[in-house]
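Chains as they are written, first to last, in this note's numbering: chain V, -9 to 132; chain R, -9 to 132; chain C, -9 to 132; chain P, -9 to 132.
Incorrect hints may appear among the rest.
Ranges between beta-carbon positions, derived for each pair [unchecked claim]: (1) R:Ser90 <-> P:Glu74: 50 to 58 Å; (2) P:Val127 <-> C:Pro128: 54 to 62 Å; (3) P:Pro3 <-> R:Ser90: 31 to 39 Å; (4) C:Glu42 <-> R:Gln89: 20 to 28 Å; (5) R:Gly124 <-> P:Asp34: 47 to 55 Å; (6) C:Gln63 <-> R:Lys105: 45 to 53 Å; (7) V:Gly44 <-> C:Asp121: 31 to 39 Å; (8) P:Gly91 <-> R:Gly91: 48 to 56 Å; (9) C:Phe113 <-> R:His(-7): 46 to 54 Å; (10) R:Gln89 <-> P:Gln(-1): 28 to 36 Å; (11) V:Glu76 <-> P:Gly91: 41 to 49 Å.
Honestly, the hints are just simulated from the structure, not real lab data.
The C-beta atom is built at its ideal place from N, Cα and C for all residues, glycine as well.
Chain by chain, the residues run as shown.
There are 4 protein chains.
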Amino acid sequence: MPHRKAEVQWQIPFHDLDPMEVVWHGNYARYFEYARTALLQSFDYDYPQMRESGYAWPVIDLAVRYVRPLVYQQRIVIRATLMEWEHRLKINYEIRDAQSGERLTRGHTVQVAVKLPQMSMCFVSPAILFDKLGVPVPCDAA
Amino acid sequence: MPHRKAEVQWQIPFHDLDPMEVVWHGNYARYFEYARTALLQSFDYDYPQMRESGYAWPVIDLAVRYVRPLVYQQRIVIRATLMEWEHRLKINYEIRDAQSGERLTRGHTVQVAVKLPQMSMCFVSPAILFDKLGVPVPCDAA
Amino acid sequence: MPHRKAEVQWQIPFHDLDPMEVVWHGNYARYFEYARTALLQSFDYDYPQMRESGYAWPVIDLAVRYVRPLVYQQRIVIRATLMEWEHRLKINYEIRDAQSGERLTRGHTVQVAVKLPQMSMCFVSPAILFDKLGVPVPCDAA
Amino acid sequence: MPHRKAEVQWQIPFHDLDPMEVVWHGNYARYFEYARTALLQSFDYDYPQMRESGYAWPVIDLAVRYVRPLVYQQRIVIRATLMEWEHRLKINYEIRDAQSGERLTRGHTVQVAVKLPQMSMCFVSPAILFDKLGVPVPCDAA
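Just chain V, with the same shape it has in the complex (with noise of 0.2 Å):
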């Protein structure tokens, strides 16, 4: 399976500035999610219908690596790659000025299955992962 991209545009807002007029460092964790969740609803399986299949996502690892400052009315593109679903869930993010293509910001995000109600965590993943995927259930899938 080749790799599965999504990419949202982003301009950046006065309220996501600190007072070095750039964006503080914490707001970049929403910017992932905005192309995390375009992501996840390219092969239909977002956070509603995680919770449909009975189980939840929760993230586990969140990794920024800040290479430029964002500032005011910066227009972004934020791609969201998916790297790993056998056993986790794991996505990198790379963040380029939308003019210039110059790179801004990488990360990635780990999440992995947990089955409800009883939120146990799953160490391979789930079946219904692999069908929204198209790719074949290995054996020991959950």
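Given chain V, work out where chains R, C and P should sit, using these hints.
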């Protein structure tokens, strides 16, 4: 120099929760900042002193490892520990349950000095940081 | 019944500031919530107890009057005062400087009871609220 | 002068939801700002132009009336309408469902001009605002 530490207490408010009734993962950057501020103030080099000294210290790296979710009104202790300072400020974070002491979250941030107003990055921390920390200034300090 | 009150202390963090180096106006809703939670807990009817009682209490009205800006590391006191409860929960807020006592902000929220799970709005507060407040239940209570 | 208006579209993201699975009431200030920015840009007097003109325009009043909750992935239209400008900037807001057109939220903000850097409040709007709006400058303009 022994590792400098600072701790703050926090209690989880309603507006930090998501529909899964746990703290939304992006809010932890705020929690880390509460402890980082206390740590930087402990050696009198918080945001106003940084600015006055002619340097900004943007966060260039953030990592969060979510071990256990945080729930409504849970009392937590957020600890920040200064790990590196010679070339960059690396701070580790640990969130524990205030009652049980159970570790709930780990993470770190990395900041680098940027000379104001030209915004040029320093590859060695400026002398002011060593002064504030009460450690000898290396020959190559900015 | 005398007006019930609750107060919390808060110190302005970096991430609540905007480029004008004052707290961005939208963050005050969080500050009000810190005091409202303390007020609701003082009569044991905070979010978990509301839910358990079969009612949600969404905020239907918010007003904030910004008298003076709030600045970095300023210590403030946020006071919430219960003004009405018979047909709706109206709470007034006041933010003062912790040292000088100067009034910096005023505001209010209005919440109404909504019967779960059908989400029907109550035009009279439910009996549980009067019980919690220790006041007589009116004949027409929900 | 006819009332100036601007509209922006928005889709409700996961991180704006609270445990009741509706948008937490404090997030609407961000939504209003998306539309206010579009409105101010329509007459070339947004935050950077304000600052350059020697004035800050802090929000001194915010009101939100929540008619209907906003839910995950709902598409909304946020409209900002300029109501007053002679002594203060009063902007009204209306949020509607993008599909049905049903009105979901109403509100307003009031901003006043503050002369930089002394931060003295203007009781009449400065001439620059009238210029930008293309209306005659009153005799008593700042």
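Consistency of the hints with the structure:
no.: 1; hint: R:Ser90 <-> P:Glu74: 50 to 58 Å; in the structure: 56 Å, holds
no.: 2; hint: P:Val127 <-> C:Pro128: 54 to 62 Å; in the structure: 57 Å, holds
no.: 3; hint: P:Pro3 <-> R:Ser90: 31 to 39 Å; in the structure: 33 Å, holds
no.: 4; hint: C:Glu42 <-> R:Gln89: 20 to 28 Å; in the structure: 22 Å, holds
no.: 5; hint: R:Gly124 <-> P:Asp34: 47 to 55 Å; in the structure: 52 Å, holds
no.: 6; hint: C:Gln63 <-> R:Lys105: 45 to 53 Å; in the structure: 24 Å, violated
no.: 7; hint: V:Gly44 <-> C:Asp121: 31 to 39 Å; in the structure: 38 Å, holds
no.: 8; hint: P:Gly91 <-> R:Gly91: 48 to 56 Å; in the structure: 54 Å, holds
no.: 9; hint: C:Phe113 <-> R:His(-7): 46 to 54 Å; in the structure: 60 Å, violated
no.: 10; hint: R:Gln89 <-> P:Gln(-1): 28 to 36 Å; in the structure: 46 Å, violated
no.: 11; hint: V:Glu76 <-> P:Gly91: 41 to 49 Å; in the structure: 45 Å, holds
Violated hints, in rising order: 6, 9 and 10; the structure is consistent with all others.
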